[in-house]
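Peer 1: The listed protein sequences correspond, in order, to chains A and B. Just so you know, we're using the working numbering here: the first sequence kicks off at 1 and counts up by one. Just so you know, we're using the working numbering here: the second sequence kicks off at 1001 and counts up by one.
Check the hints yourself; a few may be wrong.
Keeping only pairs whose Cα atoms sit at most 25 Å apart, straight-line, the calculated BS3-like set for lysine-lysine is [to be verified]:
1. Lys1183(B) <-> Lys145(A)
2. Lys212(A) <-> Lys1138(B)
3. Lys1183(B) <-> Lys2(A)
4. Lys51(A) <-> Lys16(A)
5. Lys1318(B) <-> Lys226(A)
6. Lys16(A) <-> Lys1278(B)
7. Lys16(A) <-> Lys1015(B)
The hints are simulated quantities; they were obtained by calculation from the structure and are not laboratory data. Note that the coordinates shown come from a computational prediction; the quantities given were computed from them, not determined experimentally.
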Amino acid sequence: MKILVCISKTPDTTSKIAFKNGNTQFEEAGVQWIINPYDEWYAFVRAIELKEKDPATILHLVTVGTPDADPIIRKALALGGDEAIRINATSDDSYFIAAQIAEVAKSGSYDLILTGKETIDYNASSVGGIIAALLDTPFISLATKLELNGTTATVTREIEGGEEVNEVSLPVVISCQKGVAEQRIPNMRGIMAARTKPLKVVEPAAIDSLTKIVSYELPPAKAGVKLVAADNVGELVRLLHEEARVI
Amino acid sequence: MPVLIFADHADGHFKKSSYEALSYGAKLAEQLGTTSDAVVLGTAKEDLSSLGQYGVRKVYHINNASFDTVDAQLYAAAITEAVQKTGADIIIFSHNQTGRAVASVVAAKLKAGIVTGAVALPNTSNGFVVRKTVFSGKAFANVEITSPIKVVSINPNSFSVQSTGGSAEVSPLEITVGTPKVKITAVNKVSGEVPLTEADIVVSGGRGLKGPENWGMLEDLAHSLHAATACSRPVADSGWRPHHEHVGQTGIQVSPNLYIALGISGAIQHLAGVNRSKVIVVINKDPEAPFFKAADYGIVGDIFEIVPKLTEEIKKLKGE
């Protein structure tokens, strides 16, 4: 069994979001970087659990990023996994990122490729589907449970108004969300072991980006809360009906 | 070249998110001086010509029961073939669960640039620039699609349904149906409830409700507003409410017209899941709760006293 987990470096949830150079670039000063929570807590931790069940499993991580992604890759390796691959490029285009990962995936012949359901910075939710299309394998989105039985994956996934259970033969690409696994905290042994695990750097393949970010905007500031007295609930209903017109 | 809109349905019935996508695609076609068509997969239980009222000229119907469940690979192959047969160069999806499963696969097959989570019509005055939410609703990005074929999926509840009263020509479309590689062994649909991501109004509870036994008053309020119910992460983690109700950064992101937060302090992780709501009402006994800073309306007070009164007032307003 060979598993590839795609991870991305994202600003910490609590980071202040600001832009520079005429709102064309994300202001990275003062930002704390983390592994995208969907990638780490769900996709990667589930992969680690699968390796714990079957120690012969080979578990690789992959990310598209410049050397400043190395600290979060080491952090991920402290949780588990055998090796990380960093594709030495930077991009915010889903196709570029997915196509780079698909190149790595092709040469590595992985049975299972996991992603988070989206990243918390660009919120695209696209990389998994593109990888699957480029590899011509099935794509299962928004998984909330994942079990392996030999070469069959049983996946519970979120659909419109409910969930369904899928059975699929490997290889498959699955995007993971809450339910698949629980967040883990690395221990000292893991942190020490991570230092010597291989972090391979590969140069990107020649792939065109199909989108580019022209500019960013911050949403207009809220006008401030209009407080209604606790003994005047009727006034709140009136405001929602007549002023906000939402009920 | 025409705009093609994927109009998805649940068990044969169309949903608001599909009408939004149709309206968006039709408006975009108007802006570009072209026409818009819809593609529908699987068995429909509604009159497809009625989709014309949202501005589409033609509805291509791939009427094959193999599409009555969503297999991303089969769907993507069928939509890709429909795009090629109709010569469309812009494909519109809703960024709902089905859109998340299918849109990116279609984009890759067509080598089309994709922007998901669009919140406004593209700016086509110079190129094709789509405004979308980024940083979990904390900002917007204007993203240019540079490829000849373009895929856009729109955030539910961010583009209003526009009915023009027309009728569409329904045209059957024959396509090759692949062999499914995914076997569906069980389907569990939550019946009778308003789906959270599609709800116009969401009533959400936090630790301030003190325990699962107190959810009755929240449900009464939700019922009076035909709202969906949701909760904060600690509530889901304590098992008071099911995980599929958890709204926040790592749970579900919602963008209703009205979000009512009861006894939720408003941690930044929770706000990341709700900050796309149009109007936020916060009721909390702690005047220092950070949620008030993100709210439009608020009441500082005891939810156990206020919520039942609020339900009464709403029933009065609705004449029930």
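Peer 1: Please go over all the hints and tell whether each is borne out by the structure.
Peer 2: Each hint tested on the structure:
Proximity of Lys1183(B) to Lys145(A) is assessed by CA-CA distance (about 16 Å); at most 25 Å being required, the pair is judged to hold. Of the supplied pair hints, the one linking Lys212(A) and Lys1138(B) holds, its CA atoms being roughly 19 Å apart against a limit of 25 Å. For the hint pairing Lys1183(B) with Lys2(A), the CA-to-CA distance comes to about 22 Å; that is within 25 Å, so the pair holds. A hinted pair counts as satisfied when its Cα atoms are at most 25 Å apart, and Lys51(A) with Lys16(A) does not qualify at roughly 36 Å.
Of the supplied pair hints, the one linking Lys1318(B) and Lys226(A) holds, its CA atoms being roughly 23 Å apart against a limit of 25 Å. The hinted pair formed by Lys16(A) and Lys1278(B) meets the criterion: a straight-line CA distance of about 22 Å does not exceed 25 Å. This hinted pair does not check out: Lys16(A) and Lys1015(B) have alpha carbons roughly 36 Å apart, beyond 25 Å.
Hint violations for this structure: numbers 4 and 7, all remaining hints satisfied.
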